[in-house]
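Asks: Given the coordinates of chain G, assemble chains C, F and S onto it according to the supplied hints.
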Amino acid sequence: MNEKIGVYVCECGPNISERIDIDRVLEEISSAEGVKVAKKFGLLCSNDGKNYLADEIKKEELTHLVVAACSPREHEQTFMNVCLEAGLNPYLFQLINIREQCAWMISDKEEATRMAIKYIHAGISRVTLHKPLLKKELDSIPDVLIIGGGISGIEAALCLAGKDRKVYLVEKTELLGGMVKKFSELLPYQGSNLAVIEEKIEQVQNNENVEILTSSEVEDVRGFLGNFEAVIKSKSNGSGTKEIKIGAIIVATGFKLFDPKNTPQFGYGKIENVLDALEFEEMSASGKILLKNGNPPKSVALIHCVGRNEKGYCSKVCCLYSIKFARHLQDKLPGIDVSEFYSDLCLPDKADQDYFEEAKKKGIHFIRADDFELKEKDGKINVEYKAAGGKKDSIAVDMTILAPAMVPSEDTSKLAEILNLPLDETGFFKEVHEMLDPISTPIEGVYVAGCALGPKNIPESIIQSQAASGKILSSLIPGKKIEPEVKVSEIREEFCTGCQTCLSVCFYGAISFDEYKGISVVNEAICRGCGSCVGSCPSGAIRSKHFTYPQLYREVLQALR
Amino acid sequence: MKNPNVLVIGSGVAGMEASLILGEAGQKVYLIERKSLIGGQTIKFEEVYPNMECATCMIAPKQQEILQNENIELFLLSEVEQVKGSVGEFKVKIKKKARYVSLANCIGCGACYEPCPVSLENEFEEGLSKKKAIAVPCPGALPNVPTIDPENCLRLNGKKKECQACKEACMFDAINFSEKDEILDLEVGAILIATGFGLLDVKNLPQYGYRKAKNVYTAMEFERLYAANGPTEGKLVLRDGETPKSIAIIHCVGRSEQGYCSGVCCMYSTKFSHFLKHKIPEAKICEFHTDLCIPGKSHQKFYQKILNQGVDFIRFDDIKVEEKNGKMQVIYKNGNGEKAKFIADMIILSAAMIPGGDTESLAKTIGISLDKKGFFSTQSEKLSPVATAVDGIFVAGCAEGPKDIPGSIAQAEAAAGKILSILR
Amino acid sequence: MTATQIDSNKMPTKGAIVSAEEGINKTIVDIFKKSLEKKCFDAILIPVRVPETEAYAWVLLKDQSLLDEANPLPPIISVQGAKALRSLTKRGKMTQNIAAILRPCEIRAAVELSKLKQIHLDNISLISIDCPGAMPLSDYLADPEKSKKIYKNVLEKWGENNSVRPVCHICNRFSLPSLLPRKSEETSPVEQDEANLPSIDLHIGLLGGNQEKIFLIPVNPKGRKILEELELKSDDSLDIWQTKVSEVQDKKEKIRKEFNLELKEKIEGQEKLTAMFNECINCHNCMRVCPICYCQQCFFDSGALTLSPETYLSRSEKKGALRFPLDTMLFHLGRMSHMVLSCVSCGVCEDACPMSIPVAQIFSLVADQTQKSFDYAPGINKEEPLPLQDFLEDEFHEVETPKEVN
Amino acid sequence: MKQDFKPNLVGFLCNWCSYAGADLAGSSKLEVKPYLSVIRVICSSRVNSNLVLNAFLWGADGVLIAGCHPGDCHYEKGNYYVRRRFALLKKILETLDLEPDRLQLSWISASEGKRYAEVVNKFAEDITRLGPSAFHTNPNI
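Chains as they are written, first to last, in the numbering used here: chain G, 1 to 561; chain C, 1 to 424; chain F, 1 to 406; chain S, 1 to 141.
One chain only, chain G, in its complex shape (with noise of 0.2 Å):
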């Protein structure tokens, strides 16, 4: 044995020192094997405290450190810090948390003493089996590849493109622009114009660091943030495939409409002029509402929530379109009878009342209403409705706009498996976490935004465009190396039988299998360090750096004393 180990309990005023008996401590633990010095300090964490022990490790020449103090949580990174400056290995450091689990949950001064020898105990003996454990640095590549050319992407290429920064935009259709494109007009206080929209698709037309691949798909890609390989292939003029890397990667793929086909009693596609929402945005984008019959309509009803019980969520914008539909409708044909039939009015914007208070100034009808059932009855539209209390009713009209729930775009679960992205069980792509980390997916540096993560108005899903940019033009800085975790997993080969348990376990996807060695291998850039893997593996081939068994088991045996 020729570790040198220094033991240091800090006595945090009186908090330790009056709760546990410090002097018995040191004169239990310096007689420990390894131990070369074993002192108390008033408050490590102050600077007196923190210069003193890297003078310690100094002068001492200590190759392990131990402090026992308050909890990890508190000063950890303080002490690993004050081993960097004193030029040890800020992983050859254990912190031994006497205060908050000991002195101030134990009243009886003996029995916290008697814990507190423990702790430092196991510390002590743990600590000689720690490794200088070192940060690793990987290159990586500042360039993005956004996959769909709605608004959300065209909005994310122009916050991430720069003169250092290059950005793949991947659009499936001829154009840019999606869904978007068809749309008539914005609500007034989302965009008031479309010229805002054209003036996005130009600058980023224009915009020298976005290459624009359009009638574009991807088709493979592999590897992590920092350094992903993607494959794009291109169904123009048989142009074939283009390997592209990138450090980082954002979905906007997108949603589509509920086909109200699935919901007979709408009538659609039976009964003439029962149209569903983007079907009559294009009809007032071409600046012409009229009835098959050519003839402008005198009545329309608008029918919210078409397919929401069946998909099992409210799709939050349909209330508000269909208002606007309501008052568009009233501008081009003034003297039109619009009426809404609603469930719930989804109004959940500061704005989105007021909007909702004129359109009922003007003359639109709002009926809560359900069990609809539409009937074709001599050349109009007969809706027939139960109406809020039970009383069934019936009204007809010349025109039926349908306002159907939002669902995931056809590839959205190719793109899944390409992309190994779970999804969530409305078909949307899965956020990371639904609260704290709502634009992220299990794979770091690659994001979704816009309605490819669920239903969502133009505003939210620029801000999630945004969003995604803030993460990677935060994580992804052109020429600056990334620090992957340090406490990770690692295989070791020999104990490897490639069951695979680790790779079923695994939520990061930092686990392959290398078929050749017929092993499993871990991608250190991707692991996060919790260990599951190595919990999963019963020939315990996979060792937690920091958290082996052999440091595990010395606290274990050092518990049991």
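No lab work stands behind these hints, which were simulated from the structure alone.
Please note that a few of the clues may not be correct.
Selected chain S positions facing chain G (in silico; Cβ < 10 Å) [said to hold, decoys possible]:
#, residue
1, Asn15
2, Ala25
3, Val32
4, Tyr35
5, Asn50
6, Asn54
7, Ala55
8, Gly59
9, Lys77
10, Leu98
11, Pro100
Think about it this way: if two alpha-carbon atoms lie no more than 30 Å apart in a straight line, the pair counts; the simulated DSSO-like pairs of lysine-lysine are [to be verified]:
#, chain 1, residue 1, chain 2, residue 2
12, S, Lys77, C, Lys301
13, C, Lys301, G, Lys50
14, S, Lys6, F, Lys272
15, G, Lys481, C, Lys2
Okay, the calculated bits of chain S under chain F, using three or more residues with CB under 8 Å as the criterion [to be verified]:
#, region
16, 83-97
17, 116-128
18, 131-138
Glycine is no exception: its CB is placed at the ideal position from the N, C-alpha and C atoms.
Replies: Frame of chain G, contents of chains C, F and S only:
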């Protein structure tokens, strides 16, 4: 040359998120917080819908990061006094109130609370518990360092000049009565406003009987009432110590007065029911709502689940609370216009979210406009939903309007994104 | 219904009945000779008697003349068939079509190993056979002739002659096609039928044939194809076989219940269990022969658990004495926690135990309980995920400390 | 009931929720019985039978595994896997009647300092009642 530093006002989930992203990007961040602790409103919650996750567990790691990130300079008990200049070169005056307890010296042992002779209402706990004139708002508050309340400290308010009970109890020489408020000058390139929200003061809506009928609570009071680190350590009891047997939760309190839907009340009220059902299975719970606003792909499922647990959801037109011989009753007209009443021994008011306390004055100091609801307005009509009318000044979270947590976080990340892209 | 009950209307109802005047063994052997002729397999994996000895070995046969010494149902299990299959395909899938004729427990072990990526089942036709059990290795080695006689009788009197190994005597999984894996609620009935077929192609039914005929039972399209290639019509009714299987099954279930009750009595609790494992000499043979113990280095052999001398001293101080070999209990419980959910109760561990500790009986008992609690049937269907590689968000709350502690 | 008996308890606590909960119990000065030795792991899913059984064989009278509440796992799914591993181990001990109560799985969040104290104290009481585990007192093991 542009100044790359950023001023972030408010340390709630939005302010923290933005600061962390900017800090990680290597930007110098000045994070200004009016209160003595960071974390904003979210740390008051026990769990958050729809997955009933523990809010503290979610937020604590972020708070730790904020305190440890060397690019983030935190100013607590601080407010913006003045803003001059323009994008890339703002000059900001900050007023930093005295804490009288040294962040450097104090180790948060709490030895100083006990000896303090003053006991007063703890506003962090919505007045549901008492605290001393020197105290942290709640266990687990970060930074875990108390503040002396100068209005109530006998020494500082001059009522008992010689009192130094706390100073005597402190072994770390952390108490400094002579500490003075300071004015600090900062220079930044961009400013992010994340001052969050407040709740409509329901005292001004007499029909709900708040502070008149004995067991009417605001949503925020209830959040603390069931928080494990709250005044009752999560035990659900009425003011008289009784366990409630029938509970009414009233949505849309103040919606018509404010003229907007706050977007989150339906969900958190449903969350309350979920919690109540779990704690007091036999309790009768009734949610009084108008239009249910439950957007978001997982929210309706959650609502359905609670519905199936036997919670009543009643649509009301108008509603009021009365107390007759000790019994509280909710008198309402239901969706079909029929009058009815519900006897409740606990009533929870889901009140409208309103702009945070200092919004108006802050808007004046910074010189930007508010919308007609009193929130900071963005150029959303130009599809720029985090940028204010003033170049280089951004807004995120509930300062811009009512929002849920992910909404606030996304907007904060967006603001950080915009700032990073204009500063590079 | 539990994972392994019989659901007669789920059992294959049609198959080919082949007369067996020349004895079951020869009949089966001839069929596989023909299968080689007809090129419906390129090779056959089957137990063969080692010439001039009483030993049996697994042989991968390409030359049909060598089949004469083959015996699909030898009186003993010397090497667990799954282990043979593993050594064949651990490094990759078969490049030619192989037929593997194994006992049900061997097949099930093979399927578990395929889930554990230790066996590639591609291009392998799994062919199972009604199994009356095997003789204890020790008995057989002591007097092979006698054992063979007894075994003949075992074959004639299904389930009545209990000179087979105890785990065989209480085995309720002796006929694979009757075993149905768990139904997952998600899958529609249609899918279920497909997904829930046992992972074998062909089954050789002996029950109900009283030595005069055997039943060739296709379990899936592949099995039917094999019979076609052998020019066998698979439209004979299987009623006789089915009724007999169910009959024996019921009998076995009963025996098993009673047996396990008695066993529980014998081993339950610290004291008794310790007594049971007291003879253990820590040779770890049970682990080495176990098909499911697939680790190339057993954690409990890995030296990870060797401690410092002073630790042993302090342990002996605590107990008053420290017994060697060390940690036998740790080894058995540890091994159990690693493999028991996949344990197929094949009994080779017990055969291999030099101290004749009833390892297999104990493990089989625990296997029953644990597998039931996970609603898992090892080795029936290769699509059914391994319990520890899977989870439901809402389950096992009974093992959690309740929200209100007191 | 053995009054003088002081059980040796080992607790594997996840770093993000349960260890924080324990700290909160401390900083709230809640009284906790001095029998449980805490071992910090990054996620409860790091724990498996290898660790637990050894703890027992080496002298633990009880083993506690504590992690984030289901759904709260800092690594999203970890605690679901450990729950299954635990359920298996528990079932084995039950079947062999090896005092399964000596093994406990608790979800304790960062804000549940009080719960931490309650869980540990209750556990300590129960084990005290059970007395020392034969695993390490019986010289024949």
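Asks: Evaluate each hint against the coordinates.
Replies: Evaluation of the provided hints:
Annotation: S:Asn15 was flagged as interfacial toward chain G, and the flag holds, the nearest CB pair being 8 Å apart, inside 10 Å. A hinted interface residue such as S:Ala25 counts as satisfied when its beta carbon comes closer than 10 Å to some beta carbon of chain G; here the least separation is about 6 Å, so the hint holds. Proximity of S:Val32 to chain G holds as hinted, the smallest CB-CB distance being about 4 Å (cut-off 10 Å). Contact between S:Tyr35 and chain G, as hinted, is supported at the beta carbon level, the nearest pair being about 9 Å apart and thus within 10 Å.
At about 6 Å, the closest approach between the beta carbon of S:Asn50 and any beta carbon in chain G falls short of 10 Å, and the interface hint on this residue holds. For S:Asn54, the interface hint holds, the least distance from its beta-carbon to any beta-carbon of chain G being 6 Å, beneath 10 Å. Annotation: S:Ala55 was flagged as interfacial toward chain G, and the flag holds, the nearest CB pair being 5 Å apart, inside 10 Å. Taking 10 Å as the C-beta contact cut-off toward chain G, the hint placing S:Gly59 at the interface holds, the least distance being around 4 Å.
The restraint placing S:Lys77 at the interface with chain G holds, with a minimum CB-CB distance near 5 Å, inside the 10 Å limit. For the restraint placing S:Leu98 at the interface with chain G, the shortest Cβ-Cβ distance is roughly 18 Å, beyond the 10 Å limit, so the hint is violated. A distance limit of 10 Å between C-beta atoms decides the matter here; for S:Pro100 the minimum to chain G is near 20 Å, and the interface restraint is violated. A C-alpha spacing of about 21 Å is found between S:Lys77 and C:Lys301, which places the hinted pair at or below 30 Å, so the restraint holds.
Simply put, C:Lys301 and G:Lys50 have alpha-carbon atoms about 53 Å apart, too far for the 30 Å limit, and the pair is violated. Between the alpha carbons of S:Lys6 and F:Lys272 the distance comes to roughly 26 Å, so the proposed pair stays at or under 30 Å and holds. The straight-line distance between the Cα atoms of G:Lys481 and C:Lys2 is roughly 25 Å, inside the 30 Å bound, and the hint therefore holds. Judged by the Cβ-Cβ criterion of 8 Å, the region 83-97 of chain S is covered by chain F as claimed, because 14 of its residues qualify and three suffice.
With a cut-off of 8 Å between beta carbons, the region 116-128 of chain S has 3 residues touching chain F; three or more are needed, and the interface restraint holds. Taking a C-beta to C-beta cut-off of 8 Å, the region 131-138 of chain S contributes 5 residues in contact with chain F, enough for the three needed, and the coverage statement holds.
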